[in-house]
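**Student:** Protein chains in written order, with full-length UniProt numbering: chain A, 1 to 677; chain B, 1 to 583; chain C, 1 to 204.
Take the hints with a grain of salt, since some may be wrong.
Below are the PhoX-like pairs computed for lysine-lysine, each with C-alpha atoms no more than 25 angstroms apart in a straight line [as the list claims (entries may be wrong)]:
(1) K23/B - K57/C
(2) K291/A - K586/A
(3) K26/B - K54/C
(4) K291/A - K321/A
(5) K398/B - K428/B
(6) K17/B - K291/A
(7) K87/B - K175/C
(8) K17/B - K242/A
(9) K175/C - K17/B
(10) K23/B - K54/C
(11) K129/C - K87/B
(12) K87/B - K154/C
(13) K154/B - K87/B
(14) K550/B - K467/B
(15) K279/A - K228/B
(16) K87/B - K322/A
(17) K24/B - K175/C
(18) K398/B - K321/A
(19) K279/A - K242/A
(20) K24/B - K57/C
(21) K467/B - K453/B
(22) K26/B - K175/C
(23) K57/C - K19/B
(24) K242/A - K428/B
(25) K78/A - K321/A
(26) K404/A - K78/A
(27) K291/A - K8/B
It is worth saying that the hints were derived from the structure and are not from the lab. Here the structure is a predicted model, which is why all the values come from computation and not from measurement.
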Amino acid sequence: MAADNLPSEFDVIILGTGLSESVIAAACSRVGQRVLHVDRRNYYAGNWASFTFNGLLSWIEEYKQAGQSEEAVQEDWKEKLEEGEEALALSSMDTSISNLEVFCYASEEPEEEVNEAEAAAAAWSVPQTPDSEGEVERCLLESSSVEEEEPVVASDEASPASGPDAGAEHTQQEGQEGEVPSQAEETQGEEQQASPSPAESQPEPKKKITYTKIVKEGRRFNIDLVSKLMFSRGSLVDLLIKSNVSRYAEFKNVTRILTYRNGKVEQVPCSRADVFGSKQLTVVEKRMLMKFLTFCLDFEQHPEEYQDFSEHSFWDFLQTKKLTDNLQHFILHSIAMVIPEVCTVEGLRATQHFLRCLGRYGNTPFLFPLYGLGEIPQCFCRMCAVFGGIYCLRHSVQCLVLDKESGKCKAVIDTHGQRISCSHFVVEDGYIGADQRKNTDSRQISRAVLITDRSILPSDSEQQISLVTVPPVEPGGPLVRIIELCSSTMTCMLDTYLVHLTCSSASGSAQEDLAPVVSRLFYTPASPGEEPAEGEEESRGPTVLWALYFNMRDTSAVDRSSYDLPSNVHVCASPDTALGSDHSIKLAEAVFRQLLPDEEFCPPAPNPEDIIYDGEGPQGEGPGFEEAVPAEGAGVQGGESAERQEGKEAVEEAEGAGDAVTQETGAGDEPSPTSEE
Amino acid sequence: MHGRVKLKSTAQQEEEKRKEREKKLKIYVAARDAIFTKRMEGVLDDEALQLTQQLLSSNPDFATLWNYRREILLHLETVREEDDVQKTYEAELLFLESCLKVNPKSYGSWHHRGWVSARLPRPDWARELGLCDRCLSLDDRNFHCWDYRRMVVKMSGVPVDQELQFTDRLIGSNFSNYSSWHYRSTLLPLLHPESPDPPSPCHQPSHSSPPPSPQTHSHRVCEEQLLKEYELVQNAFFTDPNDQSAWFYYRWLLGRAEREEMISCVFVSREEERVAVAFSRPVNASSSGLMLVLDGQPQRVEWRSVHPHFRHSPVWICELPPGTISDIINEHNLTVHWTEKHTHRDCALYTGRSESWCRDSATDQELFRSELSVEKTSVLQSELQSCNQLLELEPQNKWCLLTIVLLMRALDPLGYERETLSHFQTLKEVDSMRSAYYGDLCSKFMIENTILKMEYAEVRVFSLSDKNLTMLCHLDQLLLVTHINLSCNQLLRLPPQFAMLQCLEVLEADDNTIENLDGLYYLPKLQEVSLKNNQISKLSDLQLLTSCPKLTCLDLRGNPVTQIANIQSELTELLPSVTDLLI
Amino acid sequence: MSMEDYDYLFKIVLIGNAGVGKTCLVRRFTQGLFPPGQGATIGVDFMIKTVEIKGEKVKLQIWDTAGQERFRSITQSYYRSANALILTYDITCEDSFRCLPEWLREIEQYANTTVVTILVGNKIDLAEKREVVRQRAEEFANSQSMLYLETSAKESDNVEKLFLDLACELIRDAKQNTLDNNDTANAMPGEGKTISYLGCCSTN
């Protein structure tokens, strides 16, 4: 993978691969701009990234060390400057992450029977381990001469039935096609069988998850730094569909909305089916809730209902609606998801948005991308690359070259000292040095990432994706949002849950903000591996196996005027605390409009079938296209699922027709039971 | 332009599509012709299967091809080993699955699947059930799939409780799907039947009733389960009170079995030497089945319904041979046997009496038992409370109003009469499209209430004046009525059923909009008819009155017919027996 | 409804160093062209070819790296839903062979565990410049349980075979895993449904 040199001229240079930057890159490249997209990190998506468990550990290390060593500022760009130019240095230090704290509650003891092959396999899955690298390297170089030395690594990969863990591995592989709840049981069964003393494991069928196991299965994790969901009618989903970028990713529905109330985690009924099935609401409450939600769906049509409250808070308005306490809680915290003080119309609008998103893809208004949110920026980067954008990780910009007269940015000097000219420069906020900031106060996001052993609200299905809203547990405390992901989201290993907590920082430290919530909703063992006392397991909540706290700077509220920068330099804010990504998408579109006011923003990428290739007649007589058919829907998920998708579409199409049929013949087709013999 | 993809123009794409279509059509037509030729030649081979598969996969509703396929498969069954037959049919199922993906509502595909499943040597019903579940999860109203599923359940003997859970799931995900509720209503009586001895309000017919067969199953559900169902369905209609599925199911839950078929009244008139028999349900007694025994002697009589319109009727009459009972000094004993249900009723005509009858008195429970159940009053009372609660929240909801009306009738029809009428008024306002329906329903209830009042008062005079009646019903209950007053209503006609009032002597029906008198047909005792201010316009409308031998008074004032020239003489000629004619 | 509907659809992803001939393999297979015209890959996400194997129509979606390999910056999401990977090196370039472990690590990290991987040594038309002997590559492929094939996109040697072999392998895998394809199909942002959960959808 020899590096070549970069071209020395681009239309747009983009530094940072977060969501906004990536969308801008894709949009520019799509309309023919020459785009160079670089990131100083060795991974995509910046603060939007997701990591395998081991990747996350490296990330933590990196940030812990970053505080200690100040990189020497390189000054060798001076000679690259010409008459009438001056340099503007960028920060080489990322200060957006702070207060990192890691806690391990899983037992660190090795598993009973870690055999050699397994150990090697574990090492193999950790790319940073130099041993394994050497092994393959050696195998590669010497295999022709060294016949008898079987590469250990390979043998384990080759035979799926070696070691007690192979069964679990195998099952998970199948699971990737889409989870069946029973598979988890199967796995347990297999593990039990494989266990040397089945009698011993009987009282505790669920295998205890050790830290060793988490590390070994590290690649099963995709841990997002930013925890967000996609509103099914939000601007991100709209953009994914509009641009055809959706074909690079797959999504799952969030399956339920939960809330923490009176010391308990409860399911929030939001869809019609939920309300019907709810056991906690009385029938009268059901009617109340449905009536209110139905009103919200088109509240603009009934101004008389809320006009008198336009000056009042949403909370005040709710008080007048004859709603019981728990209904008010559900609506405010889990459906509108606003603070009590917002004005009535804003609260109604938030409720309406939630309701409009409901039912597009499932029973909740949200989608979550498989493999984590970190996939999304990468998908836009792929789109940019497909249209000719050049990508370079581990590569940054030292300084901008400004034209003294116009004050504009003419070029940049990269970390290899190469001067590259450009007409526009787009940069992530984190690269801006303190000198260029006029306004230094920014907010902080408090984050916690937990790996737990069971769901926060166990149900029939282990594969639930839940959003939990937690109102302040103590007066003056923050509103906390929890997203709990199951293994079928491809973000955590089987039998674990990945839990993201997010809030706007109140105290400045993530741990101070979030630990009270963690201790109420979860069980954190006093010493690693300790189990909750007999009988208390249920009441204590899931056991935390591992926890990470950190703060991330939130510059979403900072606007252009807060930076002292040339007019053709555009800054992209870091992720905000909101549940959706609308802010970042809107920002990206705004920057694109400044760059290219006359171009369309992310028009659909063409279907491969519609492209004319060189040497091809306009009729597409190439042998490959004899059979070509119009593209089916968006995305591909492998043979089976793609077929399924099509079938589903057909069914959905038919659904409409079906309705008509039922209406026409309804009475005749479905006689009322009394008239049946 | 550099860096931009060249795309096919719309015209190019259209052209490609057109060529594609052309090509497809050519293939299609060629295959079709080849198939028809083969079929004509009686070829039943694999190639034919292949060809039909090709066409059916794009057009699964080509019925002829499925038929041909079945011919081929039947033939292959005769020449192949069972294992091969199994494989052939399994392949057929796989193929059908792909057809269903193209069109999940294709009659042809589902029908063929049913056929294949039934012929498969070793069917895998679990798989078929899974297919149905998947299909229904995509469209829970696909009735093709529901039909097929019923077949699968029947063939594979899926336990009823498992099916009930299946409806739990479906209703849980979409409670607006009536198919699921209806299926549930067929399962519940099987799983939780009503206790075997229902409280029988009338006499002791148990010895004569046949053992319950699946067809005559009570369709009732034990009370414990009923309470659970009430809760479930209330969750549905409180969540969405405009959803009719839940209300229909609720009505079914509240409803009960139809009245048992029996003879409810026998009437005998000495003067006319006539017997009238009323049944609890319309029957056809014209052929055999109904037998009259007089003083121990079976009689050869001819039974007829009260009006030639009816082959089924709740009231049947016959004339006895002249002189059989006209001797006023003798006592006679009659027994009417209804052999179809092994039931009978006696009636004694005592010395000196000109008529006699024997009957069950109609109680409210009996009258309305086909509407709502006689579950414990407390249960109905609490249901009424729930509905009233909902009505408070949704004062305009028609389903709720109507259900309240039905509950009130089941609980205390006379006590709730005023509220019922007011609810009907609201119903007509909020659902004006159906105001005529509500008018009829309200008429029915008013008639029922009047019947009850009459029963309690034990009189044969029936007054229904000024009740906003739009139609007449329950006339079979009025077999013994001698005086009826229907004045000041909105009646359009006296329907043929009116002829059931075999004892009627005086009819008052002033101030209606009656234009048709079909029901005044052979009423043997009718003497006075007052039809002031109605819409009778033609002389021919009065033709039927000639069948009433005793008619002497007729008041037709205020009818268009009186405007006809020479009406006086025409009427005198038509109805010579009428001595008191007012026009 | 279309008659040419396929029975299977597979996503095949190419990886390997820049310049080893990945794009040439794809273009040779899908269009029968060599060398591919310049700039042709701009805007091309993937190429499609439908082949027939034992009477079943298999639609192959073949994805190229979009140049992101040039500076070793391939996105992880590129690997995610691939059914098969074609790991390509240039037999005349030792360097491209030595980089294979790095690629394998990426595969191990990001690709589906069930992915079928095939190692391809391209440019056998330049036999005189060969730097990697066949046996060495074969042994390496064996040790990593990969299939191995040598091709020439220029001479069209083994190109058909490469993709058809892969298709056969994928069909075999798919048939083993047809165990009821459950319904938790991943939601795809398409138009979705427009069920109003609150509106009364069945009042009539």
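**Student:** Output the numbers, in ascending order, of every earlier hint that fails for this structure.
**Tutor:** 2, 6, 9, 11, 12, 14, 16, 17, 19, 22, 24, 25 and 27
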